[in-house]
Amino acid sequence: MSSILIIVFLPLLAAIVAGLGNKKLGFVPSKVITTGALFISCALSWPIFLSFLNGSAEATVVPVLQWVRSGDLDFAWALRVDTLTAVMLVVITSVSALVHLYSWGYMSEEPDQPRFFAYLSLFTFAMLMLVTADNLVQMFFGWEGVGLASYLLIGFWFRKPSANAAAMKAFVVNRVGDLGFMMGIFGTFLVFGTVSIPEILHAAPGMAGSTIGFLGHRFDTMTVLCILLFIGAMGKSAQLGLHTWLPDAMEGPTPVSALIHAATMVTAGVFMVCRLSPMFEASPTALAFVTFVGAATCFFAATVGTTQTDIKRVIAYSTCSQLGYMFFAAGVGAYGAAMFHLFTHAFFKALLFLGAGSVIHAMHHEQDMRYYGGLRKHIPLTYWAMMAGTLAITGVGIVDVAGFAGFYSKDAILEAAYAKGTELSHFAFFMGIFAALLTSFYSWRLVFLTFYGKPRWEQSKHIQHAVHDAHGHGHDDHAHDHAHAADHAHDDHHGHDAHGDGTAGYHPHESPLNMLAPLGILSVGAIAAGFVFHHAFVSEGTGEFWKGALVFNEHLLHAMHSVPDWVKWAPFAVMATGFLIAFYAYIRNPKFPAAFVEQFGFLYRFLLNKWYFDELYHFIFIKPAMWLGRVFWKVGDVGIIDRFGPNGAAWVVAKGSRAAVKLQSGYLYSYALVMLVGLVGAISWVIAR
Amino acid sequence: MTGLPILSLMMLAPLLGAVACLKAGREQARTIALAATLVDFVLGLMLWANFDVGGAQWQFTERYAVFSGFSWALGIDGIALLLIVLTVFLMPICIGASWNAIEKRAGEYYAAFLVMETLMIGVFTAQDLFLFYIMFEAGLIPMYLIIGIWGGADRIYASYKFFLYTLLGSVLMLIAMFWMVNQAGTTDIPTLMAYNFPVKAQTWLFLAFFASFAVKMPMWPVHTWLPDAHVQAPTAGSVILAGVLLKMGGYGFIRFSLPMFPEASAQFAPLVWGLSMAAVVITSLIALVQHDIKKLIAYSSVAHMAIVTIGLFAFNQQGLEGSMIVMLSHGLVAGALFLAVGVIYDRLHTREIDRYGGLAINMPYFALFFLLFTMASIGLPGTSGFVGEFLSLLGVYKASSWVALVCTTGIILGAAYMLYLYRRVVFGVQKNADAAAMPDLDKREWAMMVPLAAVVLWMGVYPESFLAPMRKDIAALDARLAQAAPKGDAQLKVGAAKPVSAEHDAAHGEAH
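As you go down the protein sequences, you meet chains A and B in turn.
So in the working numbering, spot 106 of the first sequence is number 106, and the numbers just go up one at a time.
So in the working numbering, spot 36 of the second sequence is number 36, and the numbers just go up one at a time.
No wet-lab data here; the hints were simulated from the structure.
C-beta: ideal position from N, C-alpha, C; glycine also.
Among the clues, some could well be false.
[As the list claims (entries may be wrong)] Over the 12 Å line for every Cβ pair with chain B, so calculated as not near, a few chain A residues:
#, residue
1, V17
2, F596
3, V597
[What the hints assert, rightly or not] Pairs of lysine-lysine residues, derived as DSBU-like cross-links and limited to a Cα-Cα distance of at most 35 Å, are as follows:
#, chain 1, residue 1, chain 2, residue 2
4, B, K200, B, K23
5, A, K623, A, K454
6, B, K295, A, K623
7, A, K454, A, K377
8, A, K24, B, K431
9, A, K623, A, K610
10, B, K431, A, K634
11, A, K610, A, K454
12, B, K104, B, K443
13, B, K431, A, K623
14, A, K591, A, K610
15, A, K23, B, K431
16, B, K443, B, K431
17, A, K634, A, K655
18, B, K472, B, K487
19, B, K443, B, K23
20, B, K104, B, K295
21, A, K23, B, K443
22, A, K568, A, K547
23, A, K655, A, K377
24, A, K568, A, K610
25, B, K295, B, K431
26, A, K634, B, K487
27, A, K610, A, K377
28, B, K487, B, K200
29, A, K547, B, K493
30, A, K655, B, K295
31, A, K24, B, K23
32, B, K104, B, K493
33, B, K104, B, K23
34, B, K431, A, K610
35, A, K623, A, K634
Work out the full structure, taking the sequences as your base and the hints as a guide.
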């Protein structure tokens, strides 16, 4: 199965050619090379996945190159393909290929296109290295590689201060997680004497119940290792506490949000937990931690998602929340369900982001939903794609009949959480149910605000700008958006509406075919992925599909099928309720939200400000770090070390030489006196000794 | 090959070049210097090619008795080989960096550089204790001159601080050396490396050597000469200071302190760990608030050198090999970063971070190289920075999880200060017209950047080329240290599996 070599390294090659060739190569060649490479990778990935689906393929490892050998530590570059990898391969290459294609249209006015496409392909390469890793260190290579690509793409519009800040924040917050990941690798090597994943997983059950010294205390070995590794997963998958970078990452171009911050990179944490599931199974405490963090994130992010007004931020918080579902699924032992949700989520969330991109494209880079409205008739194809995505994420479907993608995967997770039967898993279940209500609410809120009602475009500075410019010199560079916003701030108050219909005379245009085609394909995925694949991922006999690539708990599966009916119907009920609330608040009685905010101002501000995490972190980490840096520099280095060290020594030498000059008085008696004192001193020292 | 005294030749070539430079004009001098360093580079490659990996410990040995108890004894093992190759690789690049920047007294400048090359190779090849001492101390004199004569505005203060710091340690080390020669009756370094000094004496000997090496390293809190020296030194001076001179401290530890005083090393390991942990956290935080590019990179060097010391004092193979790779990598990466700073300094004549901005627009290829070296500096896997850092930290984790945790925070802080630097210099809008007008890399600068970038990636992807030559020597050192090595804090105890996980295992088993 050496096609894996092509799948993985072709995107790297394309990235290098397009990146170094850059403008000399030209726009079209660089786009053809990168997009072509991805479509080839994608075309080669599906047969691998299908062969695992029909059970004809076996796990293989293709060695590439020796990497590091030091004492008993030995690891190589190698590409591992098993069921888990195969699932990730199709997710990554499919979404990436479609995003490449979509970007032809979305980025068509961008002067830096080769750089953008090179970064996208580089990202894909790193992500593929991550999922094909046969040892923890190569996984870490992919982990950091996607981090680099994410950093570069968030900061793609590097003239914008907010984009730079977001890029840096993403990298540094991820590094906090990486601290855990690295410590986890060190600990794993110490315990197992290897970093090879299959060998570790083989030996992991035997280590259950052992103890280890860590930071001066003794802990359960597997709990320490798993929690350290999971901290890495929390960073990459934006779980509560380390989630703050993800919403800010929306500063990147929208195709990037779809590929990296929805479908692939952020799911790396879930992939890692599933890949290492035998390790986590050896520590109930670590699994409880995973469950709790997942459930808490799922709830937290959903609450924040209900109040955001930026269309991309709503979807970003939604992603964060859905990742929470995946984690608590893993935490209760339903790794298959976690991977299934990862799989379906990749399609419908990429669809929602690309759909949002299409809306933003149509609305002249306006991202604030308060200035949308009534777009259904203007961009109908985008509307239908977004509807498919919304139906999928809210989990629309009839129990035991059929439904959209999210219906199968989310219900499987909720049933597993209930069926697990522990207190914590029931906590996760109820959190998940409540989050499903909120998911339905904010998803429909997004649809209603964007596509229904009357146009509210005339208040948008972007639209005013477009109309003022009167189609003259067209779009400007994205980087100048802020400058324009400032320019137009003065005429904010006379944002008149000559047309009286809220459109300000602006005519949104439907996106070009190269953007609509990916939307269409992903819509098919969002509609059908659950129905087609749920047998393989989460039904009886699934152990044959996974072939030991992750821990498959058949007990839990049986228990899932015998949950009470109310558990099966609860997701449907909350989904319908969320829809009705959104319908009431944004269609029937549009004054309701304002009245609600009036009534519950504190709650609204708390959610709008994302539970004040950013403010808190600024106050307890960033400010003290800067302050400490200045203190260590000005007081420590300059005030103490230099003052009493070299400068002090110099002062002593200078003073001393001046004193020595005085001593050389030329008078014999003073020399004699000094000699005498010295002699007495020396003799008394000898005697006293 | 065997008959050729290649090590002596490598020291002779730059020396002859230096003599020729003294009398030559600017243009001739730089050509002579480049030729001499390239000859040495070729000799260095021959050295590497002919080095028998897994063969005798000491190779290419030469020995001529000078007078009683002192001889011109040269020879290298894998550890020295790698540091010599690093030196001869960086030297032509340094000459390239000085090509247009040095205008006054150019002949003497290049002579100083070439003499320094001779002495640095001498440090890494010396097999006689006093020969080493002479090379080790004399190596500072050309650097002192380079900073003091061709440096920036505050060059006198910087060079003098540099001198004062190194003086004290050197005196103590010399006294300790006399005592050792007296005790062991030989000045031969390989013999001394196997000599078992009384444990009580080791304590004092260790401290005397430590005083010298800790300053050279530099370790916190005797690091304050480094930022000043870097800031004031000309670009090439910074490159060689970060690239090779800082490695002399690490080399000292690995050649003298650890093998000669293993018990004392173990005894003082907590001290070294403590100072290293302090260095990682404190100097990283200081780097975060710098306004001067060179000062920022200088502080980051101190943090990186702390990773070297914890690796050395981890007392296991991963830690030791990691330290060596960090030294090599830091030599390339910090050298490359100073070179990059030199590129923009030559254009704008300021090191103020705020005077730049938006360089990605007018200098895209510079931005690319600077990004690569920034990423290597913060230890991105696939670059040389990662391999060393990973091995060192992994090594020290075996000894102490606390030390590993505190030092691993360096990956967060390192990312913060380097990306903050990158953001202010390369990203953003072109707020300064003169910075916006700067042209991208010229051919000379490309020629300096490309080899560095290539080796940084090579060492990151296939470090085996660099690990193999020193493997046997590190293993020997590890074996010598084994008796004294402190026990780790992990103390893994395999107990009976708990009932809960047994049930999980059963479920797991059934699923198959």
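Non-interface claim for F596 of chain A, where every Cβ of chain B lies beyond 12 Å: Check passes; 40 Å lies beyond 12 Å.
Given the hint that K454 of chain A pairs with K377 of chain A, test it: the Cα-Cα distance must not exceed 35 Å. 11 Å, holds
Taking only the CA atoms, is the gap from K623 of chain A to K610 of chain A under or equal to 35 Å? Cα-Cα ~20 Å, so holds.
What's the verdict on K610 of chain A and K454 of chain A, does the C-alpha distance respect the 35 Å limit or exceed it? 29 Å, holds
Check whether the Cα positions of K655 of chain A and K377 of chain A lie no farther apart than 35 Å. Status violated; Cα separation ~88 Å.
Proposed proximity, K431 of chain B with K295 of chain B (alpha carbon, max 35 Å): 23 Å, holds
Taking the closest pair, is the beta carbon of V597 of chain A still more than 12 Å from chain B? 36 Å, holds
With the threshold set at 35 Å, check whether the alpha-carbon distance from K634 of chain A to K487 of chain B stays at or below it. 39 Å, violated
Measure nothing beyond the straight line between the CA atoms of K443 of chain B and K23 of chain B; if it is 35 Å or shorter, mark the hint as holding. 29 Å, holds
So if I understand the rule, the pair passes when the alpha-carbon distance is 35 Å or less; does K472 of chain B with K487 of chain B pass? Measuring from Cα to Cα gives roughly 23 Å; hence the hint holds.
Below or equal to 35 Å on CA atoms is what counts here, so check K431 of chain B against K623 of chain A. Given pair K431 of chain B, K623 of chain A holds - Cα atoms ~26 Å apart, limit 35 Å.
Could you grab the alpha-carbon distance between K23 of chain A and K443 of chain B and see if it respects the 35 Å cut-off? With a Cα-Cα distance of about 19 Å, the restraint between K23 of chain A and K443 of chain B holds, given a limit of 35 Å.
Hint compliance for this structure: hints 4, 5, 23, 26, 31, 32 are broken, all remaining hints hold.
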